[in-house]
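Engineer: If you want the building blocks of each chain, they are given just below.
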Amino acid sequence: MSVLVYVENADGKFKKSTYEVVSYAKSVAVLLNTELIAISIGDVGKDELTSLGKFGAAKVLNVNNDKLKSFVIQAYASVITNAANKENSDILILANSFSGKGLAPRIAVKLQAGLADSAVDLPKIENNSFTVKKTAFSGKAFAMVEFNSAKKVIALNPNSYQVNESPVEATIEDFNPEINNSDLRIEVTNVVRATDKIALPDAELVVSAGRGLKGPENWNIIEELADVLGAATACSKPVSDAGWRPHEEHVGQTGIAVSPNLYIAVGISGAIQHLAGVSSSKTIVVINKDPEAPFFKVADYGIVGDAFEVVPKLTEAIKAYKSHS
Amino acid sequence: MKILVCVSNVPDTTTKITFSSDNTQFNTAGVQYILNPYDEIALARAIELSEGGKGTVTVINVGEASAEPTIRKALAIGADDAVRVNAAPRDAYFVSYQIAEYAKTNGFDLILTGRESIDYNGSQVGAMIGEFLDLPSTSIIKKLDADGTSASLEREIEGGKEVIKVDFPFVASCAEGVAEPKIPNMRGIMSARTKPLQVIEALDIEQLVTFKSYTTPAPRGSVTMLSSDETEKLVNLLHTEAKVI
Ligand SMILES: Cc1cc2nc3c(=O)[nH]c(=O)nc-3n(C[C@H](O)[C@H](O)[C@H](O)COP(=O)(O)OP(=O)(O)OC[C@H]3O[C@@H](n4cnc5c(N)ncnc54)[C@H](O)[C@@H]3O)c2cc1C
Ligand SMILES: Nc1ncnc2c1ncn2[C@@H]1O[C@H](COP(=O)(O)O)[C@@H](O)[C@H]1O
Numbered sequence: 001m002s003v004l005v006y007v008e009n010a011d012g013k014f015k016k017s018t019y020e021v022v023s024y025a026k027s028v029a030v031l032l033n034t035e036l037i038a039i040s041i042g043d044v045g046k047d048e049l050t051s052l053g054k055f056g057a058a059k060v061l062n063v064n065n066d067k068l069k070s071f072v073i074q075a076y077a078s079v080i081t082n083a084a085n086k087e088n089s090d091i092l093i094l095a096n097s098f099s100g101k102g103l104a105p106r107i108a109v110k111l112q113a114g115l116a117d118s119a120v121d122l123p124k125i126e127n128n129s130f131t132v133k134k135t136a137f138s139g140k141a142f143a144m145v146e147f148n149s150a151k152k153v154i155a156l157n158p159n160s161y162q163v164n165e166s167p168v169e170a171t172i173e174d175f176n177p178e179i180n181n182s183d184l185r186i187e188v189t190n191v192v193r194a195t196d197k198i199a200l201p202d203a204e205l206v207v208s209a210g211r212g213l214k215g216p217e218n219w220n221i222i223e224e225l226a227d228v229l230g231a232a233t234a235c236s237k238p239v240s241d242a243g244w245r246p247h248e249e250h251v252g253q254t255g256i257a258v259s260p261n262l263y264i265a266v267g268i269s270g271a272i273q274h275l276a277g278v279s280s281s282k283t284i285v286v287i288n289k290d291p292e293a294p295f296f297k298v299a300d301y302g303i304v305g306d307a308f309e310v311v312p313k314l315t316e317a318i319k320a321y322k323s324h325s
Numbered sequence: 001m002k003i004l005v006c007v008s009n010v011p012d013t014t015t016k017i018t019f020s021s022d023n024t025q026f027n028t029a030g031v032q033y034i035l036n037p038y039d040e041i042a043l044a045r046a047i048e049l050s051e052g053g054k055g056t057v058t059v060i061n062v063g064e065a066s067a068e069p070t071i072r073k074a075l076a077i078g079a080d081d082a083v084r085v086n087a088a089p090r091d092a093y094f095v096s097y098q099i100a101e102y103a104k105t106n107g108f109d110l111i112l113t114g115r116e117s118i119d120y121n122g123s124q125v126g127a128m129i130g131e132f133l134d135l136p137s138t139s140i141i142k143k144l145d146a147d148g149t150s151a152s153l154e155r156e157i158e159g160g161k162e163v164i165k166v167d168f169p170f171v172a173s174c175a176e177g178v179a180e181p182k183i184p185n186m187r188g189i190m191s192a193r194t195k196p197l198q199v200i201e202a203l204d205i206e207q208l209v210t211f212k213s214y215t216t217p218a219p220r221g222s223v224t225m226l227s228s229d230e231t232e233k234l235v236n237l238l239h240t241e242a243k244v245i
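Chains as they are written, first to last, in this note's numbering: chain A, 1 to 325; chain B, 1 to 245.
Quick caveat, the hints were computed from the structure, so don't treat them as lab data.
For glycine and all other residues, C-beta sits at the position ideal for the given N, C-alpha and C.
A portion of the hints provided could be inaccurate.
What the hints assert, rightly or not - Partial pick of chain A residues on the chain B-facing surface, computed with a CB cut under 7 Å:
id, residue
1, THR283
2, PHE296
3, VAL310
4, PRO312
5, TYR321
Produce the complete structure using the sequences and hints provided.
Structural biologist: Here's what the structure looks like:
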């Protein structure tokens, strides 16, 4: 028995969310008194792979195959399932990222394993019961998922588990399972990645704005604040519906659910559908000119004021703070 | 082009989520149910693709009779016919298996789901159907163009997108961008009453997970209000008190 963790890379580098998943998987392996094995797919350098040892991976299976240059869900799912069988892993852990959401269900079916998606905490293991806490109802609640299956797949939400060091010496092992052509029926013809932007789902700091900003031409003050903070930008639904901002910035019940350390909401009223996607943020700052805006009820810090006055001042204050810290 | 759209019946987005006193059941009393918002997007695109005699759209739901108003709404929006697999949708594995078995015997070029259901947010059903049927699947697509035999898709990835080409048949999970939801018109509502809605029995499959209990997030502490001149103080608090910068 072992715990297997799938480590996702972006252009050959691991992201913080990957280290979160490895740290989480290590803790699960410790709970079960077993070892942690990682599987990486893609062209990832030796140093990067070895770095996984720092977070507790004793062995790293390195799959570097030309057929897997682009992310083809079916083929990746087969390779990961193969690795789980080879390593006798009863538990597979991966990130609940956009890729993870595509992979986890397919792997679960292949392994006849139960799947706990959107996990936010370590499993509770008591006698014969193994349960995992997940978000449900778009962030309005949590559900405890109990596994009835011997094999288990867990997809961990970003920003839900602290990166922990737990150093071991990681051995790297090349793993070259055969890739079935029927797994390659999708062709990725182009990948567009905005490299200069912080991806919203795993951002630690988010600056978000709503209809209170009046129009897309005013977003420069939001972008400047995000820039000095090193934050991702987000928006409310009507803002993306109106085409002021791209759809991928829309957060809420019908958009992306985020749980950053800091969520700054500017000119957003705080409708229940918006709050659903942001309420698990650690700290919420609300800037709104209406003292009665419902968002203040769930905020940690609030400023009643005009965004066009407050936001530039806040940007200056952060600049000043950064320059002498 | 034969298109199957999977639709789920979910609590309205304004629902206040509460549970039974022992926290094992979601309180459904007084809850208004709607067609899952992402499924509306998938349905709208399916209708656009099939318009002008280019294809047919079947909607399928795994649910109890109480889901029928939602299924009728999908018919009113423009689906040609509907299937309900008569069972409580106990988890994604169960739901996907039912849909896959139905699709197996009826043959579809395109199976569309929403990106996630807004109650359990699993994002599981689409990919599981793909696995049960050994078809390609793509999670979270934002664009879908199809001719008679193949499709071009845009898939959302962290901080960007991928452009994908795939031949029929396949499964795709739709999100915003794929289409604008359609509002049923009077003619649609009238004709929905007489469009075929077939009810079939569920097949048995093992249960791999159980939703054991629920909790709601702890209420947040009280808010610290600052004046619009106190941005420096805010920065200071974010550093020393909240420790987030
Ligand atoms: C099925 C469904 C799903 C939905 N899903 C989502 C979702 O996922 N995400 C989402 O965000 N919404 C969602 N909504 C919409 C939601 O109900 C609200 O309509 C929306 O969140 C409001 O956006 P807003 O706060 O930007 O705009 P408004 O409600 O118009 O609020 C604007 C705010 O800006 C303030 N303001 C105005 N001028 C200034 C100024 N100069 N300075 C500072 N403050 C100012 C106002 O006081 C007000 O509070 C959904 C709705 C439905 C029906
Ligand atoms: N009970 C159901 N019946 C039919 N389709 C469903 C059902 N539940 C979920 N789906 C489909 O699967 C998608 C993803 O749901 P989920 O995996 O629950 O997040 C939804 O958007 C629907 O298209």
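Engineer: Give me the numbers of the hints this structure contradicts, sorted from smallest to largest.
Structural biologist: Going through the list in order, the structure violates hint 4 alone and respects the others.
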